[in-house]
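Just so you know, the sequences run in chain order A and B. If you number the first sequence the way this note's numbering does, the last residue is 202 and the count never jumps. If you number the second sequence the way this note's numbering does, the last residue is 1501 and the count never jumps.
You may find that some hints are simply not true.
To be verified - A few chain A residues facing chain B, derived, Cβ under 7 Å:
| hint | residue |
| --- | --- |
| 1 | Asp-146 |
| 2 | Ala-149 |
| 3 | Leu-150 |
| 4 | Ile-152 |
| 5 | Asp-158 |
| 6 | His-159 |
| 7 | Ala-162 |
| 8 | Arg-181 |
| 9 | Leu-184 |
| 10 | Arg-188 |
| 11 | Gly-189 |
| 12 | Phe-190 |
What the hints assert, rightly or not - Here are the simulated distance ranges between beta carbons:
| hint | chain 1 | residue 1 | chain 2 | residue 2 | range |
| --- | --- | --- | --- | --- | --- |
| 13 | A | Gln-126 | B | Leu-1070 | 36 to 46 Å |
| 14 | A | Gln-126 | B | Leu-1355 | 53 to 63 Å |
| 15 | A | Arg-60 | B | Ser-1430 | 32 to 42 Å |
| 16 | B | Gly-1404 | A | Asp-128 | 55 to 65 Å |
| 17 | B | Ser-1227 | A | Ile-56 | 30 to 40 Å |
Stated by the list, open to error - Partial pick of chain A residues on the chain B-facing surface, computed with a CB cut under 8 Å:
| hint | residue |
| --- | --- |
| 18 | Glu-153 |
| 19 | Gln-165 |
| 20 | Glu-185 |
These are calculated hints, taken from the structure and not from any lab test. From the three backbone atoms N, C-alpha and C, an ideal C-beta is built for every residue, glycine too.
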Amino acid sequence: MRRYIGIAVLAVALPLTVAGCATIISGTSQTISISSNVDGAAIYLDGVQIGTTPFIGSVRKGKTNLRLEAPGYRDETLALSRQLEPVFWGNIITGGTFGSITDFVSGAAYQYAPASYQVELRAVGQADAEFLQQNGARKFAMVYIDQIALEIEAGHGDHLTALLQLINSSEKNAADAEAIRAALEKSRGFPVAFGQQIVDLL
Amino acid sequence: MMPCLAAPLSAQSGGEGSSQSVYVAYAGPYSASPASAFGHVFLILANDSTPHALWDVINFAADTEGAGPLGFFAHGIAGGFLGRFERLQLHEKVREYEQLDDRDVWLTELILTTEQREQLYQEIESVSGHLYPYTFFVHNCAYYLQLLLAKVVDGIDPPSGVTSPTGVIDVVLRSGSAGANYLRPAATQQLEVVARNANAPVVARLRSENWDDVIADTTWIADLSTSDRHLVQQFAVLQAQNSREGLSKEATSGLAFLRTINAREESGSRGNTERPAIGVEVPPPEFHGYSRLSIVYNTGEEGDWISMKVRPALHDEMDPWTSHRPINTLEFLSAEISLRARADHIAPRLESFALFSQRSLRPPTLGISHRSWMIEAVASRNGMLGDGIHLAVRTGGGATYALGEVGYAYGLLTTGAVSTGSEATLALGSEAGILLLPMSQWRAGIRWAREHSALRWSHNHNRLQGWLRYDLNPASGIRTSISANGAEIRHSVSIDWYPSR
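Chain A extracted, bound-state conformation (with noise of 0.2 Å):
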């Protein structure tokens, strides 16, 4: 019986162990980039402070909690969640994500693209709308930069009409898709600058 069970066992573990060798020869550590709407914040894993915003540095693989501080501003946790390598020997033996990934988009620290991470940080006493609607803005222009870059050559589409929906959204506001435009060619088409041009148009 525990013949039978060990070579199961074997054959089970045989491809996780080449799995895991593929690890060890890929490394544990990733080179991620933290950007923030605040230049200079501090930046914290388990307590020690590993840099500043804006951050391009290593960190290990698997679960991370990153902690951002900054004079004036509440504090703001991102959580980098491990994503397993899509199922070459099945996501129920290795366990890996199931499913989807919906934390790119929610909330204030959200992942815009690969490796990239942009934390919104509010100010004290900052008014609950205010910075929703800024969080809101930048998020949905940096996240979707690249269809909204479609939809202003065409002049129309959905994205470009949502991102100026979260512009406009205040009565103060009357920016029109040639501020779109605007803002993007001032931000030579990087996400993280274009969001700060978006938030200015606010």
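Use these hints to put chain B onto chain A, whose structure you have.
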């Protein structure tokens, strides 16, 4: 966590003349995840005063954070997870399903009166913030969504028993309140359509070269036509979204260049304020039921016999969905029991049993290179260890290639463990097959598998099967097959029923 300051739903319904529709959305099966193999269903609240991207989505999902693979499986089957309704915006779901998961999304319009829509808002508000028990097959997204709709629409009954996402779509279609149906193709399918209008050398370069290098070649990009640049940008977005590492510095600059150069052009009908369609309008989808019962007539060297196959949970490549070509097979708790003549009596005998078996076969596309893989825990008769029931756990990987418009060829290398109870061995094997899956009622395929004992190479086994299937309607079909399992050759004809249809 974002502060929950979203306006009450009734305030977002728009003014006079705004649409009263909601859409029941079905995100097609995701072959890379057993948990999503049956798809997902959620609700979209249409609003004429906002662009589609900002429409509200009502989604029921479970919190599975921290669960390991065995815990996920155990809790999903037996319970232990809690789920809740969440409110998102449509762009988040589009990004998640169409872009990141590469899944088709089907929308079925549910036409409501003003009173029904207000009642729906109240029901949504009443469940907001509450936690509910979640299981894979009974108390899942489909169950809770159908429960919600049943409180509002007279033609929709509350769910009972196993509830599936496509079951909810089916219930909506039969409710008398269904409107139009739309398809939003997966991102790679959209990209293939764009590629048809692009120049062949551009497409060839995207298919053959490292995409990071291609995007970094701004000199080449600057000389492209407008339509070719669009293709390259959409291709780059898809590649970037599905890459685990960040873009190289050169590719980042190349993508930024693409964005600005495309935005500088002026084309199309500027000032066109016509709202784009929510999707491609299609006929109402018809889905197979997930459970299947087959009566099989077999002939072989041992004579003739009848067998019965029961498959309580199945999703296979033989579903004739419009424009959808799933080549993902999934079996869970399926069994074949034969009634064979024995001397002077008829005796039942277990022929095969699948605790779990999944094959995900996807050819590479312009946007994403998919891997092909399989995993199974099965019992079957006659293997490399002789006659009798063989218990096997196998896993493997390989590749799949498209053969024209309707064919696929695949190959897998497998490893596993095989046991008859008195003997066990490690097994190394290979599997290959050809599938013909036209968008019609016909299906055909051939599959060959060879396995060797890693401990005694001379112990080996071959299985070869060819089959042809015809769907009479979504609820029944006929299948004929010839199989050679070692030395045993078997012909069979079966009639299949989907009891849930």
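Evaluation of the provided hints:
1. Asp-146: holds, 5 Å
2. Ala-149: Holds, because the Cβ-Cβ distance from Ala-149 of chain A to chain B comes to roughly 4 Å (cut-off 7 Å).
3. Leu-150: With a closest approach of 6 Å, the Leu-150 of chain A hint holds.
4. Ile-152: holds, 4 Å
5. Asp-158: With a minimum Cβ separation of about 5 Å from chain B (threshold 7 Å), the hint on Asp-158 of chain A holds.
6. His-159: holds, 6 Å
7. Ala-162: holds, 4 Å
8. Arg-181: holds, 5 Å
9. Leu-184: holds, 5 Å
10. Arg-188: With Cβ-Cβ at 6 Å, under 7 Å, it holds.
11. Gly-189: holds, 3 Å
12. Phe-190: Constraint on Phe-190 of chain A satisfied, holds at 5 Å.
13. A:Gln-126 with B:Leu-1070: 36 to 46 Å: holds, 45 Å
14. A:Gln-126 with B:Leu-1355: 53 to 63 Å: holds, 55 Å
15. A:Arg-60 with B:Ser-1430: 32 to 42 Å: At 38 Å between Cβs, range holds.
16. B:Gly-1404 with A:Asp-128: 55 to 65 Å: Given about 57 Å between the Cβ atoms, the range holds.
17. B:Ser-1227 with A:Ile-56: 30 to 40 Å: Since Ser-1227 of chain B and Ile-56 of chain A have Cβ atoms about 35 Å apart, the given range 30 to 40 Å holds.
18. Glu-153: The hint holds - Glu-153 of chain A has a Cβ within 8 Å of chain B, the shortest such distance being about 5 Å.
19. Gln-165: holds, 6 Å
20. Glu-185: Glu-185 of chain A check passes; min Cβ-Cβ to chain B is 6 Å, inside 8 Å.
Checked against the numbered hints given earlier, the structure satisfies every one of them.
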